[in-house]
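Visitor: Using the sequences plus the hints, can you model the full thing?
Using my numbering, the final residue of the sequence shown is 150, and nothing's skipped along the way.
Note that these hints are calculated values from the structure, not bench results.
It is possible that some hints are incorrect.
Unchecked claim - Distance ranges between label pairs, derived from CB positions:
#1 57 - 91: 18 to 24 Å
#2 80 - 10: 34 to 40 Å
#3 98 - 9: 23 to 29 Å
#4 59 - 120: 24 to 30 Å
#5 5 - 81: 36 to 42 Å
#6 106 - 81: 39 to 45 Å
The beta-carbon is built from N, C-alpha and C at its ideal position, and this holds for glycine as well.
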Amino acid sequence: MELIDILGFLGALIIGIVLGLIGGGDSILTVPVLVYLLYLNPLIATAYSLFVVGVSSLVGAIQNMRNGLVDYRTAIVFSIPALIAVYLTRKYIIPAIPETLFSINEYVVTKNIGIMVFFAIIMLLASISMIRSKKKKKSLKLNIITLLLF
Numbered sequence: 001m002e003l004i005d006i007l008g009f010l011g012a013l014i015i016g017i018v019l020g021l022i023g024g025g026d027s028i029l030t031v032p033v034l035v036y037l038l039y040l041n042p043l044i045a046t047a048y049s050l051f052v053v054g055v056s057s058l059v060g061a062i063q064n065m066r067n068g069l070v071d072y073r074t075a076i077v078f079s080i081p082a083l084i085a086v087y088l089t090r091k092y093i094i095p096a097i098p099e100t101l102f103s104i105n106e107y108v109v110t111k112n113i114g115i116m117v118f119f120a121i122i123m124l125l126a127s128i129s130m131i132r133s134k135k136k137k138k139s140l141k142l143n144i145i146t147l148l149l150f
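Guide: Pasting the structure below:
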C-alpha cells in the first residue's frame, strides 16, 4: 500500500468522524479526498460522495425519527425535489457535457477539470456564506447589547 492510499483512507476516516459529529453535508470534504488522494474520476467521486453523505445522513435521520424529532412534511418538501434534481442532472445534464469544454492554445479544459472548477466555485460561495452569516450574528449580538445598555 502506497503513502497516497494511506492518506486517502486517513482522509476518509476524518470525513467519517466529521460527518458523525456534525451531521451531513460534507461532500465539500469528501469529493477532494476521493479525487486528489484516491485518484477517482470526478464523476465517480461525486457519486460516491452522494452515497457517503446520504448513508451518514440516513443514520442520523433514523436516530432523530426514533426520538420524534423529524418533521416529515419538511423532509418531503426538501428531499423529493433534491432527488429529482440529482437524478435529472446525473441522467441528462452530465452526459450532455462534452469531454472537451474548450482549449486555450495547448491547454485543454476537459469535463473533469470543469467539474472540479465548478465544485471549487461552490466551495468558495459556501465559505463566503458562512463568513457573512457569522458577521451578521456578531453584529446582531452587538446591536442587542447596545440596546440593552442604552
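Visitor: Each of the hints needs a verdict: does it hold here or not?
Guide: Status of the hints after comparison with the structure:
A hinted range of 18 to 24 Å holds for the C-beta pair residue 57 and residue 91, which are about 22 Å apart. A C-beta distance of roughly 36 Å is found between residue 80 and residue 10, which places it inside the suggested range of 34 to 40 Å. Taking the beta carbon of each, residue 98 and residue 9 are about 34 Å apart, not inside 23 to 29 Å as hinted. For the pair residue 59 and residue 120, the beta carbons lie near 29 Å from each other, so the given range of 24 to 30 Å is met.
In this structure the supplied range 36 to 42 Å holds for residue 5 paired with residue 81, their Cβ-Cβ distance being about 38 Å. A beta carbon spacing of about 42 Å between residue 106 and residue 81 agrees with the range 39 to 45 Å that was offered as a hint.
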